[in-house]
Structures are given as C-alpha cells and as structure tokens.
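Chemist: Spelled out from the first residue to the last, the chains are:
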Amino acid sequence: MKVAVVAGAPALLAQYAGRVDPIAEVREACLAAVGWLCADADAVRVVARPADQAERAHGIEVGYQERVARELLAGFAGTVEVVTPEAFVLDARPTLLVADGSARRGEKAPGHLDERSFAVDEAIERSLKAGDPTDLALLDLTLAEELLIAGAPALRRLGELDPQVRSAELDYAGDPFGVRYWVARWEIG
Amino acid sequence: MTLKLGRHEFDDQQTLMMAIVNRTPDSFYDKGATWAEDKAFDRVTQVVEQGAEIVDIGGIKAAPGVEIDAAEEIRRVGSFVGRVRAAFPDLVISVDTWRAEVGRVVCAEGADLLNDAWGGADPELVDVAAEYGAAIVCTHTGGVRVRTRPHRIEYADVVASAITDTVAYAERALAAGVDRRSIIIDPAHDFGKNSFHSLELTQRLDEMVATGWPVLVSLSNKDFVGEALDLPVGERLLGTLAASAISAWHGARIYRVHEVVETRQVVDMANVIAGRLAPKRAIRGLS
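Line by line, the protein sequences give chains P and B. Letter 21 of the first sequence, counting from 1, is numbered 21 in full-length UniProt numbering, and no numbers are missing. Letter 125 of the second sequence, counting from 1, is numbered 125 in full-length UniProt numbering, and no numbers are missing.
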C-alpha cells in the first residue's frame, strides 16, 4: 500500500489563490505525490484533523486540512474517506496524510521563533526520508502543539501503526514562510 | 466584454492604462515637454516600461489656442505613429484626433484606436475606424464645438445625457461597420462640463458601465480635480488617483493617464477590493 504526506497550507486552496502562486513548488510536489498515490486506486483515505472549536466558532465546519486534501484529489474519480488521526488504521487503501511541521521556525513565522521547533521537525523529516516510523511514534503532542506542528497527531499515529516501509521518498522539504512543509511518499508492506 | 483594439485583444474585465503622449508645444500638463519627436519617443519608451498597454498620441491640445489644421496635425503625429509602431509591435497605439483625414493617415501608419475626444465632430471618423479595423472612443461633449471651454452649460441630468450621446455614437460606429468589441464610451470629464458635472459622472459612472459598452475615463490632473481640492496643475495627482479608484470601483476599463505606475496600482487595488481581480500574491495567515 501507499502513504503520501502532503502540506496543508490554506494557501493551496483555490479560494485563496492570487495571481502569483506563492507556494507553487509545494503545490507541484503535492499534486505529483497525490497522482502517484491515486494511480490505479478505487478509493483513497485522507487523514486530516476536523475543524477545531475555534474554527467552528467562526462558522467553519470542515477543517482546512480536509479541504486541502479534497482539492488536491479533485482529479481523482474514486471514493474518498476522511478520517481523524485517531481513527486512522492501515489497510490496503492508499492513504493521504495532510501534515505540516512547526509554524515557529523564524521571527517572521506565523508563531514567531521557537528554537525547539528545529529539532522536532528534523526528527520528523529524518523519519519521513528514511521510512522509519520510530521517531514519529515518539512525538510529544504537547510540545508539538506549543510548536504549532499541525501534522503531529497524524504523523504520530502513523508512527504508532509501525508500518514496514519498503521504500521512502522525500520529494519536498522546506519552510519558505516559517512553516515546515513536507511531501513524502512511502510504500508499505 | 472582450476588447479588440486594432490588432490587440484583451480579456473581459482587464483594465488598461492609456498613457498620454503629447506631440504638442502647449498641452496643459506637460507644457511641451514631449513636443520634440525624440522626447515624445522617449516618453513612449518610458510608459511602455512602466506597463502602459496603450499610448494615446495627440497633436493638438484640447483647450483653445493656435489653430492647427489637418496637415499640421498629420505632420505632428503621422510618421511618429509609424515610428512607434515599428519599435513597439505589441503596444496599442491610440491617436487623439477628431478628424477623419488624420485618422486615415495614422491608421495607415499602424494606429489601433482613434480617440475622438470631441464627440463625433467629424461624422466620417467612424468610417475610417471601420475601414481600418481600428477601435474608436465615443465621447460625450454635450454638443460643444471642438477646442472650446464650457461656458454656462447645464444639463437636467448630465449622466443621462452622457449615456444617451455616447451610446448613440457607439451605435453609429457599429452601424458603420466598427467591430462591437472595438467601441468604447467615455463621459469625457471636463469636456462640455463644469466640475459638478464631472464629479457627478464620477459618482454615477456605474450607470455608464451598465450600458455594457466598455468605459474609458480621462481624469488625469483635470480641472474638476483641481477645483474639488483647490489645487493647481502639478498638485492634482492624489485627487486624480482618488477619482481613478472610484472609477475602478464602478468598473471603468481604460484609464487615460499621465502617471502610469501610480494609476495602475490604484486601479488594481480598487479592483482587488471589488473582487474583480485576485490579489497579486497572498500568503498572510495562509502558510
């Protein structure tokens, strides 16, 4: 089976498109990974966190991670099931994880600078690149919340499922706006 | 509506900057700064670099003054249009003239657009536009003679008058064979109008836009701006830009301007606010 990790920046959404795409390289990598994930698939599972309390207070019923996933999957004709990180289990279905790293990677980052973000992001990135779920399973979700690591619950759940990774590719890693984005592809089993 | 300006086409809702290039020794704003042909050519080069899609080349100042006959007007603008055409094949070349005789020469030299600031004073100008596949600007002057200043002119409803006259002119151009996509209407601020008229036309420009004909506005540094703020020529840029913003909000398509860069920014900003244009590049809060 296949697992793809993609970025979840709302800037990827059509509703926030400008005339110049500030995130073109990330988008291109995400779409390529989704294309790989969906090849020959009838159904895809999306792991995305639901709208939180603050979002619901603003009238947002569907969280941005799910909306980003659905737009990236716009060309996919099969069925799409969206699950929360907690409900995520591995089976034969290809799985799309919407998961970003820390948003505190610089003084101009959305969450300002927190030096601790680098080590945590580096551990995640090393896991994604090597196809080694060990460090993902050890993610400290409390610290991750402080570091604004939006993808932590999904990534930790992936680690806890302890998949046997046959091959791993890290297609994109970067933080052009102080948020760490990854695009990674794993083949499991 | 898609605009077809001679050999150039522009998408729906795209706004265009028409930069003024005077081949005159006495225009009110630049006072002859581009009277010499090379200076005028330098001005064309400059406004192209600034992003103007159109240059509007004029050989006669609008205000009363020394009479310039057609032969002299042709001497001023005819071959100059050819020179600009050769140097800037992608540029829309407009010529500010009311004379069919001049229009014929400049179209042969490569002009794309005839900007008739005097409301169809020469009825044959539309035939020239049709013959050469050129676009035409149909202005409202309230029936005043060319190169005259308004004196005690009044309208029961200046906007209704502007709509009636410009649409009639547009229909006449269409009947003459001008492409529907090549006909533009212009309320002609200050022409045959006092400042109250020009201000009301700005305030109610959406009514002209609602006719469906693309609307050009020529606001740049004009007296209605100066009178609104009691400022002389040379100090009217901010007022011009405010009027440009309102015009953009109402949906004007073409802006005849002295200052290209500033007007482009204001028009784009107004259109982004109006939701007709996406922000150039948005990442704040979205990363």
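No lab work stands behind these hints: they were computed from the structure. Beta carbons are placed, not taken as given, at the ideal position from N, Cα and C, and that holds for glycine. Any given hint could turn out to be false.
What the hints assert, rightly or not - One side only, chain P facing chain B, incomplete, derived with CB under 8 Å:
no., residue
1, A11
2, Y16
3, A17
4, R19
5, G106
6, P110
7, Y172
8, V179
To be verified - Here are a few chain P residues that face chain B, going by a calculated C-beta distance under 10 Å:
no., residue
9, A9
10, L13
11, P22
12, G35
13, A41
14, A103
15, L113
16, G178
17, Y181
Chemist: Hints first: check each against the structure and report whether it holds.
Modeler: Structure-based check of all given hints:
Because the beta carbon of P:A11 sits about 4 Å from the nearest beta carbon in chain B, less than 8 Å, this interface hint is met. With 8 Å as the threshold, the beta carbon of P:Y16 comes within range of chain B, its nearest partner Cβ sitting at about 5 Å, so the hint holds. Because the smallest distance between the Cβ of P:A17 and any Cβ of chain B comes to about 6 Å, under 8 Å, the interface hint for this residue holds. A cut of 8 Å between beta carbons decides the hint on P:R19: the least distance to chain B is about 5 Å, and the hint holds.
This hint is violated: P:G106 has a C-beta 11 Å from the nearest C-beta of chain B, more than the 8 Å allowed. Contact between P:P110 and chain B, as hinted, is supported at the beta carbon level, the nearest pair being about 6 Å apart and thus within 8 Å. Because the closest C-beta pair between P:Y172 and chain B is about 15 Å apart, greater than 8 Å, the hint is violated. Hint on P:V179 holds. Least Cβ distance to chain B is approximately 5 Å, under the 8 Å limit.
Look at P:A9: its Cβ gets to within about 5 Å of chain B, closer than 10 Å, so that hint holds up. With a cut of 10 Å, the hint placing P:L13 at the interface with chain B holds, because the nearest CB-to-CB distance is about 8 Å. Taking 10 Å as the C-beta cut-off, the interface hint given for P:P22 holds, the closest approach to chain B being about 4 Å. Given hint, P:G35 at the interface with chain B, is violated; its Cβ is 24 Å from that chain's nearest Cβ, farther than 10 Å.
Hint status for P:A41 relative to chain B: violated, with the closest Cβ pair at about 29 Å, above 10 Å. About 7 Å separates the beta-carbon of P:A103 from the nearest beta-carbon of chain B, less than 10 Å, and the hint is met. Below 10 Å, beta-carbon pairs count as interface contacts, and P:L113 has none with chain B, the closest being about 15 Å; its hint is therefore violated. For P:G178, the interface hint holds, since its Cβ comes within 10 Å of a Cβ in chain B; the closest pair sits about 7 Å apart.
At a threshold of 10 Å, the smallest CB-CB gap from P:Y181 to chain B is about 9 Å, leaving the interface hint in force.
Taken one by one, the earlier hints fail for this structure at numbers 5, 7, 12, 13, 15, listed in ascending order.
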